[in-house]
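Residue numbers (numbering that gives the first Met the number 0), protein chains in the order written: chain A, 0 to 772; chain B, 0 to 324.
It should be emphasised that the hints constitute simulated quantities derived from the structure, not laboratory data.
Heads up, some of the hints might be wrong.
[To be verified] Cross-link-like lysine to any residue pairs, in silico, SDA-like; alpha carbons within 20 Å at most: (1) Lys476/A x Phe288/B; (2) Lys239/B x Val694/A; (3) Lys319/B x Glu25/A; (4) Lys58/B x Thr736/A; (5) Lys522/A x Lys79/B; (6) Lys58/B x Val694/A; (7) Lys190/B x Trp224/B; (8) Lys319/B x Val556/A; (9) Lys178/B x Val483/A; (10) Lys769/A x Asn136/B; (11) Lys341/A x Glu159/B; (12) Lys524/A x Tyr157/B; (13) Lys476/A x Trp224/B.
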Amino acid sequence: MKIVYSWLKEYVDFPYSPSDLVDIFENLGIEVEDFYFAGEGLKDKIFACIVRNKYKHPGYDKLFVYEVEGLFGVKKVVASVADIQIGDKLIIALPGAKLKDFVVQSKKFKNIVSEAVFVGEDEIGVSDEHKLMFLPKDFDIERDILTYLGLNDWVYELAPTPNRPDLLGVIGIAYEIKAKTGNEIKFPRVGFEEDIEEIFPVEIRDKKICLRYTARIIKDVKVEPSPLWLKVRLSLCGFRPINNLVDISNYVMLEFGHPIHFFDLRKIGKKIIVRRSLAGERFVSLEGKEYNLPQDIPVISNENDEILALAGIIGGKNSGVLLDTTDILIESAWFDPVFVRKAAQLLGIDTESKRRFERIADLNVPPLVSSRASYLVKKICGGKIGKLNDVAFSRPKKISLTINLKDINEYLGEEISKEEVLRIFKNLSFDIEDKGNEFKVLVPTFRRDIKIEVDLIEEVARVYGYDKIKSSSSYQKVFIGKKVDKKEWLDEILRNFGFYEVKTLGLVSAEENWFGDGLKPVKIKNPLSVQHSYLRTSLIPGLLQVVAFNVRRGENVLKFYERGRVFGAVKKRDLPLEIERISAVCGGIFEKRWDRSERMLDFYDLKSVVDEISQKAGGFDYKEINKDFLEVGIEVLKDGNPIGWAGLIKKEILDFYKIPYKIYAFEFDMENLVYSPHYVEISEYPPVYRHLSVVMPEKSSVKPVIEIFRKCPILVDYYIMDVYKGQPLKEGEKSITFNLKFQSFEKTLSDKEVNSWMDRIISEIKQVYKIRE
Amino acid sequence: MKEQIFQIKKQFLEDIEKVKSLSDVEELKIKYVGKKGIVTQKFKFLKNIPLEERVQVGKLLNDLKDFIVNKIEDLKKRCKGEEKEFIDFWFEGRSRDVGVEHVLTKGLNEIIDILVQMGFEEVSDIENSPEVEWRYNNFEALNIPLWHPAADMWSTFYVEDEIVLRSHTSPVQIRVMSKRPPPLKIIAPGKVYRPDAFDATHSPVFHQVEGFCVDKNITFADLKWTIEEFVKRYFGSDIKVRFRPSFFPFTEPSVEVLVYFKGKWLEVLGAGMIHPKVFEAVKYPFPEFKGYAFGMGVERLVMIKYGINDIRLFYENYKKWLKGF
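Based on the sequences and whatever the hints tell you, model everything.
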């Protein structure tokens, strides 16, 4: 919400400069989103002038040359407009002036230089109209034109918190300044004589939606454009001036923060009825939008059940004021915040009025606001004012709270004196009964946010100044901090093997649930897009998106991992399962470098990580499995329990992500990955090394060989030295050479002992594969 | 045979440790690759080996000979002291392939470490900090009635009418306090979800760190100290901090904390004294026990500190970008 400096000053005095005021607002907790000079780019660049001479441009048929005079001297203006006469007074902008759409520059029209331009209302933000600004005949052209226009002012864009509906009006903000300064509020004028006796009948059928409705008639008004001051204020506050009646209703709403509505009296019928809608009733808003209403929308209708407005939200096309309106009905009411909010949300309507009613309007002000509007209508549009019909089910009560000084100071941890607290309450316009150390505080009805004692404490702190409260580390209790073990040893392994950690949203599309592996996807009712309409059942889709993105960016080595939660629906009306996982993907191509040749990444790049994790986690077993999403893969087991899988992702899935490489991946549950350091015994006896070459079919596994190795107690370590294919092996065979390390913790091994174990190993292997010696 | 070759190599490696002079080197040369040297002898046996194995053993033997000859040449040079090894110090090292931690993890750990040092206990298990929450814990228990426009401060994804993707980490307050008696001093880092379209400062998914402390005698001044201390440790001790009164339904008084960073005041976290309604929801005795709470956006803090101008970069995960931190 925007307010202007001079307007605020009309209601309360304060010693703050325009820029000081920003700090005051901020210290009071009213966020200032923007702050600027109203005549930005216009100061010393626009002037009043009088036209001294006018003639046709000798070189152009349709251009005129005007010679104008003002504080700036005499200048020539070349323009196409013809209806300016000698002696007219206007506003011109000199080169450098920043108008709405352009910066003024002098321009040469053949031999005549145009040194200025005449300005239109829209170009300096006075209104939306593209209309030349003629000044009154008696205008003193030496006057400061910015001041005359109301642009010698400052605009504040404020963002009050949603608990403060009172700050959606200038008077409410004036009360905040009063809280700070103690200066009294200067209320706007509301006094007038009622000219006619007429009272308009009002019936509130449902007090749940409306606790108070005031109606007043004004007859014989004249609809015209608003006076300049009104247009400028509304424009500066971001409202489009329309006509004097509409402008007054907006102006009064901005003053009091309380919405008000004008009906065209001749269009509404004989009676105002406030009720709930029935399903299927139709309504056309003043913007021309048609609605087929559900039931229970709060509406204003007439005695013929024609809906005239959505109560507190928006007026109807059938009942609004137009240029030919002569008689009006002023509605100033209190509508229920929940009804207004629900209706507006349901119909998708957001208006200034709705925003104020849903934050809870002040039940006390409808008659006052009505009077202010009536006063302005009579002053600006003329007319005869009727009597107020004030139908109220409930009168506002002031909330009474009791609080003592000790509680305030103990809560804040600051020694604030009793005098200071009393002064703050008084400046906040609270009524106080001083009972020694205890105060009874009566809260005015415009402060709907204050309900309990701590709300009062906040008020004291806020006005006293949060910054003035001394921070203190005097609170002595010692707490021992504790960090959750996030198993960072896993990250360490992955990073050491060249995997990049990534963070993805975790929201995926319906078709990306292919890695669910039994988890039922959780669907979001109000997703941002179909791409993000499910919670992930696996980390792999996110990782594949990252792979695809990096491929598009020209990356060839694609090794990524993520840790995070996956989700699976359990049953209706129950929270889904959440499981912590860690996953990695691997693929792409190593380009040639001076120290290595080009090669494709393959499963064994991923297997190094799995081996290392296995070693740190106490040893994995593997079992070949089929999964919908894997070309080939294994289940990874720890102590017989599955903890996840590893393998090659199916090509059709990779095609979906437009990934041109084979991608290998694993996904593990975090829960069973437990860091299990194993103490390495060091034997003082020398090891004995042997080599063993096993010949097996190309497509068979070392698994049976390894299982045989494991049975030998003195075979402490082994690794694969070489894989050989070709002569003298047969086609379809490979030879795998193992380096075996034998060692005892008890003695130096003799050749004989080692040989006997080798013989046993070899004979067992021979039952499966061939041996080469 | 292979075993023997292996043993010879082992023996040779042991022998070169003992070399002290040029004549030692000559001796070594004769011992291994001289006319009657150990390796030379082995070549003679080659013809006795069955054909299918001869190729492989021959290769091993040749490799061994090359290895020994090269090594002996090196030793000679070193003993003569004639030629230093040439090193191009500007040449790039062997291909390295080391991964990186995501900058968000880095930032999150910085934040958690500071707060843990300040005595906070981290809670991030699924039981106490689920990402899919009861609407009640996300809103009503925190004194946010859905009918009030304040609820709009937390736009929220729904799974069912009663189940939401949490739009802040504050529900952890409800879960922890419902289970554990005061005093406590907790931080809860975690992922939160909001239906905000992606732009430079908004992401539908981001991370928060919630903090709260409940005990007797806790005051607003303690809250101020805690926040100031955290901000100083995170941004540096000369950072300027400002407290702006604000509004959160679950704290009273509420405060928005701003820091002056690179010429601008920036909102970095929200905080306040825990609202009596929250204590009511978790059945804590108030005002016997009081507490403060705060919450911060991890992405925002990391963006400010590391000069990242677009939140989307975190979730793009471009390798070159990730590597920069």
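Cross-check of the supplied hints:
no., hint, in the structure
1, Lys476/A x Phe288/B, "holds, 14 Å"
2, Lys239/B x Val694/A, "violated, 73 Å"
3, Lys319/B x Glu25/A, "violated, 41 Å"
4, Lys58/B x Thr736/A, "holds, 15 Å"
5, Lys522/A x Lys79/B, "violated, 77 Å"
6, Lys58/B x Val694/A, "holds, 19 Å"
7, Lys190/B x Trp224/B, "violated, 27 Å"
8, Lys319/B x Val556/A, "holds, 12 Å"
9, Lys178/B x Val483/A, "holds, 18 Å"
10, Lys769/A x Asn136/B, "violated, 66 Å"
11, Lys341/A x Glu159/B, "holds, 19 Å"
12, Lys524/A x Tyr157/B, "holds, 5 Å"
13, Lys476/A x Trp224/B, "holds, 14 Å"
In summary, the structure is inconsistent with hints 2, 3, 5, 7 and 10 from the numbered list given earlier, while agreeing with the others.
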